[in-house]
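**Student:** Sequence:
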Amino acid sequence: MEVFEVKEFRAEIKFSKRMSIAAGCALDDPDPVGLGKHSTKEEAMKELKKYRPNCYYNPYGKFYHVTEYFIDCYEADEDGEFLSGCDYVSAYEYKYDSELDDIVITEA
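Each step along the sequence shown adds one to the number in our numbering, with nothing skipped, and position 104 is 104.
There could be a bad hint or two in this list.
Stated by the list, open to error - Derived DSSO-like pairs: lysine-lysine, alpha-carbon spacing no greater than 27 angstroms straight-line:
hint: 1; residue 1: LYS14; residue 2: LYS95
hint: 2; residue 1: LYS17; residue 2: LYS95
hint: 3; residue 1: LYS37; residue 2: LYS50
hint: 4; residue 1: LYS37; residue 2: LYS49
hint: 5; residue 1: LYS7; residue 2: LYS41
hint: 6; residue 1: LYS46; residue 2: LYS95
hint: 7; residue 1: LYS41; residue 2: LYS95
hint: 8; residue 1: LYS17; residue 2: LYS62
hint: 9; residue 1: LYS46; residue 2: LYS7
hint: 10; residue 1: LYS50; residue 2: LYS95
hint: 11; residue 1: LYS49; residue 2: LYS95
hint: 12; residue 1: LYS7; residue 2: LYS17
hint: 13; residue 1: LYS37; residue 2: LYS7
hint: 14; residue 1: LYS7; residue 2: LYS49
hint: 15; residue 1: LYS95; residue 2: LYS7
The set of hints was computed from the structure by calculation and includes no laboratory data.
Build the full structure now, drawing on both the sequences and the hints.
**Tutor:** What follows is the structure, encoded as structure tokens:
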């Protein structure tokens, strides 16, 4: 069966690498947080749109905290356990804007 799981991903990006902050930069999170599984992509997208990516600067550690949300689309067995596939879908695109010193978010 196909599963559409909404997940939260986090990353810490060094100040010197801030220009690399863009959609997908937190996908290497080794422990993303599952926010709910859905049986259709439409249901998952409705849930996903409740969350917006965010980014804030930590001046003490000199890095940016980035949080982003994706739908993880994959095939699962009858118990809901992962079998194969891995396709991430986002509701938003974003990138770092140096003039604003923040991210600019647009709908995907």
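**Student:** Run every hint past the structure and note whether it holds.
**Tutor:** Evaluation of the provided hints:
{"no.": "1", "hint": "LYS14 - LYS95", "verdict": "holds (15 angstroms)"}
{"no.": "2", "hint": "LYS17 - LYS95", "verdict": "holds (13 angstroms)"}
{"no.": "3", "hint": "LYS37 - LYS50", "verdict": "holds (15 angstroms)"}
{"no.": "4", "hint": "LYS37 - LYS49", "verdict": "holds (14 angstroms)"}
{"no.": "5", "hint": "LYS7 - LYS41", "verdict": "holds (13 angstroms)"}
{"no.": "6", "hint": "LYS46 - LYS95", "verdict": "holds (23 angstroms)"}
{"no.": "7", "hint": "LYS41 - LYS95", "verdict": "holds (25 angstroms)"}
{"no.": "8", "hint": "LYS17 - LYS62", "verdict": "holds (11 angstroms)"}
{"no.": "9", "hint": "LYS46 - LYS7", "verdict": "holds (13 angstroms)"}
{"no.": "10", "hint": "LYS50 - LYS95", "verdict": "holds (19 angstroms)"}
{"no.": "11", "hint": "LYS49 - LYS95", "verdict": "holds (18 angstroms)"}
{"no.": "12", "hint": "LYS7 - LYS17", "verdict": "holds (24 angstroms)"}
{"no.": "13", "hint": "LYS37 - LYS7", "verdict": "holds (9 angstroms)"}
{"no.": "14", "hint": "LYS7 - LYS49", "verdict": "holds (12 angstroms)"}
{"no.": "15", "hint": "LYS95 - LYS7", "verdict": "holds (20 angstroms)"}
Going through the hint list in order, the structure satisfies each hint without exception.
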